[in-house]
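Trainee: Sequence:
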Amino acid sequence: MKVGYAKLGRSMLLDPDKWGPVGGDNEPLLLLNRLARTYPNDEFVIVGRHGGGENAAVEKNVTVPELKKTKDWNEAADDVAQHYEDLDAIVVWAGQHGTSNQPIRKTNGSNDVTSPQEAFLRYSAPIVRGINKWRDADPSREEVWLHPDPRNYIKARDLKWPLQQPMLGQYEWSRKQRHYRWEDPQDPDGWPAEWDPDLPGVWMAEHRYIYSQLEIVGIPDAWDGAGAGFNDRHHFGILVNEARSYVKLNRADIVADWVMPLKPVLMAGKWSETGLQKLGLEAIDPIHHADVPGILGMVKSTFTTPSSGSKWATTKPWESFALGAVCFFHPDYDSQGHIIPTLEQVEAGIVQDSDLEHLARWLRVRTPEELASRVAAVRDSEETYTWLTEMQRSLYKKAVSLQLCMNTIAERTGLK
53 MKVGYAKLGR SMLLDPDKWG PVGGDNEPLL LLNRLARTYP NDEFVIVGRH
103 GGGENAAVEK NVTVPELKKT KDWNEAADDV AQHYEDLDAI VVWAGQHGTS
153 NQPIRKTNGS NDVTSPQEAF LRYSAPIVRG INKWRDADPS REEVWLHPDP
203 RNYIKARDLK WPLQQPMLGQ YEWSRKQRHY RWEDPQDPDG WPAEWDPDLP
253 GVWMAEHRYI YSQLEIVGIP DAWDGAGAGF NDRHHFGILV NEARSYVKLN
303 RADIVADWVM PLKPVLMAGK WSETGLQKLG LEAIDPIHHA DVPGILGMVK
353 STFTTPSSGS KWATTKPWES FALGAVCFFH PDYDSQGHII PTLEQVEAGI
403 VQDSDLEHLA RWLRVRTPEE LASRVAAVRD SEETYTWLTE MQRSLYKKAV
453 SLQLCMNTIA ERTGLK
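Residue 285 in our numbering sits at position 233 of the sequence shown; the count goes up by one each step and never skips.
Source of the hints: derived by calculation from the structure; they are not laboratory data.
One thing to keep in mind: the hints can contain errors.
Unchecked claim - With a Cα cut of at most 25 Å, we get these calculated DSS-like pairs of lysine-lysine:
{"hint": "1", "residue 1": "Lys70", "residue 2": "Lys112"}
{"hint": "2", "residue 1": "Lys185", "residue 2": "Lys212"}
{"hint": "3", "residue 1": "Lys228", "residue 2": "Lys54"}
Claimed, not checked - DEER-style ranges, computed between Cβ atoms:
{"hint": "4", "residue 1": "Asn126", "residue 2": "Leu454", "range": "17 to 27 Å"}
{"hint": "5", "residue 1": "Asp273", "residue 2": "Asp407", "range": "14 to 24 Å"}
{"hint": "6", "residue 1": "Ser192", "residue 2": "Arg445", "range": "39 to 49 Å"}
{"hint": "7", "residue 1": "Lys112", "residue 2": "Gly346", "range": "46 to 56 Å"}
{"hint": "8", "residue 1": "Arg445", "residue 2": "Asn107", "range": "44 to 54 Å"}
Backbone N, C-alpha and C define an ideal beta-carbon position, used for all residues, glycine too.
My request is simple: use the sequences and hints to build the entire structure.
Mentor: What follows is the structure in structure tokens.
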């Protein structure tokens, strides 16, 4: 098979040294290489903007096409889109993009066209154009979408074809989305869509997003079981980026109220001057993804919080589980109970696994005072620390063995 692989909205960094400190750069490359190693007889082709060149750390069955150097976005988009023509399947990471990523008719009922941002023309239009071309040749086949951040749901009206299958993410939900039909008069019979009553030439479709354990694909195998022993670990540390400061569940307030009273020995993340002032600190330094074990592998306990007001599952607990840090959960984190059950699910009696119930009752804390008490219990008792980390690691091993995201991609694309 020949499988196209891309990241919408940004350049996919194929050189690990170029990964940024905020997170997210590692996941596409690590999943790509994992797929390539699992299916060595198939070819994987980068079909979007990319960076890496001679330092691209890709498996031997990954093809990295040379991109045409041009300032003309339309020419650049066509250059990328040509690589979609002979693909058997497509896997796309969803990143920041616009409601239109190339000029299409506006939604005000006029014949005026949109003026997309330069970034969308450069990093999104080529992929949207390629997918449209690929789907036009056979609309029954579908690209596989990966959504590591539910805020980057599909907004692109210039994507012509809706999906029958749900998209793979870290949170379950659905929404309506418009699909500009590019003057195609075909009726949406047999599709989960209908003509938009307000806009001619546009379908309105239901987009579904399902939980897929996508958040574990960026964790290197070597981290499993790594980390220091109990006596060589600090009592508490945390990896946390400030993220958006203007939302109700903002990280600055959470860290000030929950984390700083614990006097963390190790802290890392990207923070603004305003955020640091709220925490009473002069600096918190961001770290490269490769340095995560130097924090989570060296502390007995850590804490995971909602990001930018979000309530979905993220990578941090799984990294902690792999590296032997007891990971406590903020009350509003992973509100659907995908990593461990919520306390509401436990109290409703629907959790049948005793280890999951124990983890939920221990790791999900309701107040800063409860967090402090639990951190102290783990600090002072190697038996408690070992009991919790062994259950955490067992859960992590089960998730890695299940390979839910990988297997779903294989099923959707036909990889064998």
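Trainee: Hints first: check each against the structure and report whether it holds.
Mentor: Checked hints:
A threshold of 25 Å between alpha carbons decides the hint, and for Lys70 with Lys112 the separation of about 20 Å falls inside it, so the pair holds. At most 25 Å may separate the alpha-carbon atoms for a hinted pair to count; Lys185 and Lys212 meet this at roughly 9 Å. Straight-line distance between C-alpha atoms of Lys228 and Lys54 comes to about 31 Å, which puts the hinted pair past the 25 Å bound. A C-beta distance of roughly 43 Å is found between Asn126 and Leu454, which places it outside the suggested range of 17 to 27 Å.
For Asp273 and Asp407, the hinted distance range of 14 to 24 Å is satisfied, since their beta carbons lie about 23 Å from each other. For Ser192 and Arg445, the hinted distance range of 39 to 49 Å is satisfied, since their beta carbons lie about 42 Å from each other. Restraint check, Lys112 to Gly346: a C-beta distance of roughly 31 Å breaks the suggested window 46 to 56 Å. At about 33 Å, the CB distance of Arg445 to Asn107 disagrees with the hint of 44 to 54 Å.
Hints 3, 4, 7 and 8 from the earlier list are contradicted by this structure; the remaining hints agree with it.
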